[in-house]
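Trainee: Please work from the sequences and hints to get the whole structure.
2 protein chains.
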Amino acid sequence: MNTPAAIEDFILNGHLHYVPHVSIDCAIFGYHEQQLKLLLIKHKALDDWCLPGGYIKRTETLGQAANRIVLERTGIGNLFLQQFKTFGDPDRAKTNSFDEEKWFKATGVRFNKNNWLIDQTISIGFYAITDFEKSVPKPDMMADDCAWFDLDTAPHLDFDHDEMVKEAQHTMRVQLYHYPIGYNMLPEKFTLTEIHALYETLLGKKLDISNFPKKLIALGLLKKLDEKRSIGAHHSPHLYMFDKEAYDKALKEGVVLS
Amino acid sequence: MNTPAAIEDFILNGHLHYVPHVSIDCAIFGYHEQQLKLLLIKHKALDDWCLPGGYIKRTETLGQAANRIVLERTGIGNLFLQQFKTFGDPDRAKTNSFDEEKWFKATGVRFNKNNWLIDQTISIGFYAITDFEKSVPKPDMMADDCAWFDLDTAPHLDFDHDEMVKEAQHTMRVQLYHYPIGYNMLPEKFTLTEIHALYETLLGKKLDISNFPKKLIALGLLKKLDEKRSIGAHHSPHLYMFDKEAYDKALKEGVVLS
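Chains as they are written, first to last, in the working numbering: chain A, 1 to 258; chain U, 1 to 258.
Source of the hints: derived by calculation from the structure; they are not laboratory data.
On a predicted model such as this, the values are computed, not experimentally measured, just so you know.
Take the hints with a grain of salt, since some may be wrong.
A pair holds if it fits inside one copy or across any two, identical chains being indistinguishable in the list.
Stated by the list, open to error - Keeping only pairs whose Cα atoms sit at most 25 Å apart, straight-line, the calculated DSS-like set for lysine-lysine is:
no., residue 1, residue 2
1, K37, K228
2, K206, K252
3, K113, K57
4, K214, K57
5, K249, K166
6, K215, K205
7, K206, K249
8, K249, K205
9, K205, K57
10, K105, K44
11, K189, K206
12, K205, K94
Mentor: Right, dumping it as structure tokens:
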């Protein structure tokens, strides 16, 4: 798929198969045991890292396109994926790092200022959350590398991608109050302490211990199991799991968790 | 501006001035004294009504474009305006009502299947809320009419605009918990009963009387004035107004109101 011929065909004829002027960029957050990471790619022709992205096939819905892009980069399909904002500042591609001719040179295709990839592009931002331990990052055909970075110490990103990450995180934090999140990020059976830690990490702040998990139980999203985890002689907390049917309904319709 | 020559120039050369393949559609909600309305336009070449919309100038940000469109249709600028979702189903324009040739005929310009307006278009949805009593609806150059409809009894809309309204309303209801809303929709000084009625109408449900307004006061968004409104001999409720500085800050940064 990433042969020079395939790359050349994408550059020269991509506008016949993809919608021109519109791209998708994905802020893919990875959670595991209180660590929050961000998936980044290193484009062949850029000095800085940036978010994974791609174009929308003319036969795809936006959600299908975003799912495909996330699946290609992480190896995981159908994870929690939400559109958060569309970015269209006219100068969003004018960065020090991005050079159109260099970009073409990296592909081996002759530079053409009328190429569909060069004209003004508006980008639809999606964010996803997954367990980074379960993913296998893979660069796209135009990138040399794809890797997880700690969110707190992630490098400066190219284009308007720093702003995208900030907006994605803001939307994710608002949506934590309105959608159940956690299905992909916790073991199948978990303790209240574990789900509490997930929410605290995603929200980036300490929470009253009785807050979110109790609301999730009250809404029927979490069910208490007749099982305990044995941690020590005097400490064996109850295990919980998501009620998948109620969870999927809440994901579709939204709830008020706070 | 709406001369036949201007319309022809827009159709034939618009892709030089606007970003092709991308449009903006606006769900403009109007509130006044517990009534909630929706602004619709009647396109010359469509049987059904639809949302006001337009294209993005190559020099504009998305927010500037949406502001311009809302200002042109309502006569009001800088009202509460939020991007809520981008719509890109490949078949979103394939409706019974929409006929490309009829569309061109209505403009007086010769039909050309390669015209930039005909190719697949992805649309960015914005929603706005204003006081419908303050607006002066005005159709765009391709429409015969522009009018407010009661939201509850609004007609079926063309394209995917019914879905857009549903999504806009959903986002508005979620965002009511995270952004201060009301600045344009209430008199400068108002009672707690009036702001409570605004929230109930927008949320479409009854609220505990002590709920939203108290949170707004606690967050410093509402300030109590040393003035009362005289309603009857034994009923003179206190007046309140928004603290514009705190309000604008909350609008930018978000809060948790629930």
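Trainee: Please list, smallest to largest, the hint numbers that this structure does not respect.
Mentor: Hints 1, 4, 9, 12 are the ones this structure does not satisfy, whereas the remaining hints hold.
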